[in-house]
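Q: Sequence:
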Amino acid sequence: GARIHYLTWGEPGRRGLVFVHGGAAHAHWWTHVAATFSREYRVVAIDLSGHGDSDHRDAYSLEQWADEVLAVAADAGIDGPPVIIGHSMGGFVTIATAARHPEAPAGVVVLDSPVVEVDNEVRAAQAKRAFGKTKVYPSAEDALSRFRTVPPQDNDLPYVMHHVARRSLREVPGGWSWKFDHHLFDAFPTTIRTVALPYLSEVRCRFALLRSELGLVTPDIGESMYDKLGRVAPVVELPETGHHGMLDQPLLVITAIRTLLADWDHSTPQQR
Numbered sequence: 002g003a004r005i006h007y008l009t010w011g012e013p014g015r016r017g018l019v020f021v022h023g024g025a026a027h028a029h030w031w032t033h034v035a036a037t038f039s040r041e042y043r044v045v046a047i048d049l050s051g052h053g054d055s056d057h058r059d060a061y062s063l064e065q066w067a068d069e070v071l072a073v074a075a076d077a078g079i080d081g082p083p084v085i086i087g088h089s090m091g092g093f094v095t096i097a098t099a100a101r102h103p104e105a106p107a108g109v110v111v112l113d114s115p116v117v118e119v120d121n122e123v124r125a126a127q128a129k130r131a132f133g134k135t136k137v138y139p140s141a142e143d144a145l146s147r148f149r150t151v152p153p154q155d156n157d158l159p160y161v162m163h164h165v166a167r168r169s170l171r172e173v174p175g176g177w178s179w180k181f182d183h184h185l186f187d188a189f190p191t192t193i194r195t196v197a198l199p200y201l202s203e204v205r206c207r208f209a210l211l212r213s214e215l216g217l218v219t220p221d222i223g224e225s226m227y228d229k230l231g232r233v234a235p236v237v238e239l240p241e242t243g244h245h246g247m248l249d250q251p252l253l254v255i256t257a258i259r260t261l262l263a264d265w266d267h268s269t270p271q272q273r
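Using the numbering used here, you'd call the opening residue of the sequence shown number 2 and step up by one each time.
Honestly, the hints are just simulated from the structure, not real lab data. Careful: at least some of the hints might be erroneous.
[Stated by the list, open to error] Computed list of lysine to any residue pairs in SDA-like fashion (alpha-carbon distance at most 20 Å, straight line):
id, residue 1, residue 2
1, Lys180, Cys206
2, Lys180, Arg147
3, Lys134, Ala75
4, Lys229, Gln271
5, Lys229, Leu217
6, Lys136, Glu172
7, Lys229, Arg273
8, Lys180, Gly2
9, Lys136, Glu104
10, Lys180, Arg58
[Unchecked claim] What follows is a list of derived Cβ distance ranges for each label pair:
id, residue 1, residue 2, range
11, Glu41, Leu158, 40 to 46 Å
12, Asp221, Ser62, 24 to 30 Å
13, Glu241, Gly81, 31 to 37 Å
14, Glu142, Gln272, 52 to 58 Å
15, Val137, Gln272, 50 to 56 Å
The beta-carbon is built from N, C-alpha and C at its ideal position, and this holds for glycine as well.
Let the sequences and hints guide you as you build the complete structure.
A: Written out as structure tokens, the structure reads:
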């Protein structure tokens, strides 16, 4: 087994929200978003294994990460099935969770997670290069000056980036390095963007896709995902938002999630 770290806000015994970060990220990517829901919900942000302050494993899979999400939800004092909210790779984990455990989530919200049938081989190689080599920096300040998102975006809020970057580092022999396991994606044959495809059409709970206008879910990918979800799950565009919406447009992300939760509280889901 692996020790899984998570953050919490709000009183135990309430309905729950579980936030799932993207690849090579960690729970603190969500803190400034997740905490805003703490008056109404028991809120959780997980460090998936191989990320943040959770243990590393010999190999990783969507299925293992999905089980971690449910284990944390069960451990964190949530009343009833939670809504699970995942960004990028965390969206793929969220989709797998909903498909494999249909009764476990009350609903899922996916932020700019491009589920595709065939991915570009160049993109796959770029991703493995970006994450696959362990880098050690002589000082924390030097490491922080090198912190970049993948893909890059121009309008991130500096105070959010500083918070996220500071919590991405760990001290190692010889200096400072990033917390994530640099072998995260070794087990995936091409890219993780294709791995969630078989699960997408199996999702039966409430589902919403938040598509960042400047992100990775193009209109065509959004339409394809809409089709595979039976054309009943809303695809909501976040204007002037990059792939990492919590870093450049957190208020838009919060507003979109709040709107969806309010609607789900007062409406009947469409049947596929």
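Q: Now look at each hint and say whether the structure bears it out.
A: Tested hints:
1. Between Lys180 and Cys206 the CA atoms are separated by roughly 33 Å; this puts the pair beyond 20 Å, and the hint is violated.
2. A C-alpha spacing of about 14 Å is found between Lys180 and Arg147, which places the hinted pair at or below 20 Å, so the restraint holds.
3. Proximity of Lys134 to Ala75 is assessed by CA-CA distance (about 35 Å); at most 20 Å being required, the pair is judged violated.
4. Taking the CA atoms of Lys229 and Gln271, the gap is near 15 Å; set against the 20 Å cutoff, the hint holds.
5. Using a Cα cut-off of 20 Å, the hinted pair Lys229 and Leu217 holds, with the two alpha carbons roughly 18 Å apart.
6. Between Lys136 and Glu172, the direct Cα distance comes to roughly 12 Å. Compliance with the 20 Å bound is thereby established for this hinted pair.
7. Proposed proximity of Lys229 and Arg273 is supported: the alpha carbons are some 11 Å apart, at most 20 Å.
8. For the proposed pair Lys180 and Gly2, the alpha carbon gap of about 19 Å is at most 20 Å, so the pair holds.
9. Proposed proximity of Lys136 and Glu104 is contradicted: the alpha carbons are some 42 Å apart, above 20 Å.
10. Between Lys180 and Arg58 the alpha-carbon distance is near 13 Å, which keeps this suggested pair within the 20 Å criterion.
11. A hinted range of 40 to 46 Å for the beta carbons of Glu41 and Leu158 is inconsistent with their spacing of about 24 Å.
12. Between Asp221 and Ser62 the CB atoms are about 28 Å apart, so this pair conforms to the stated range of 24 to 30 Å.
13. Range check, Glu241 to Gly81: about 35 Å between beta-carbon atoms, so the 31 to 37 Å window is met.
14. Taken as a hint, the range 52 to 58 Å holds for the pair Glu142 and Gln272, whose Cβ atoms sit roughly 55 Å apart.
15. Checked against the given bound of 50 to 56 Å, the beta carbons of Val137 and Gln272, roughly 54 Å apart, stay inside it.
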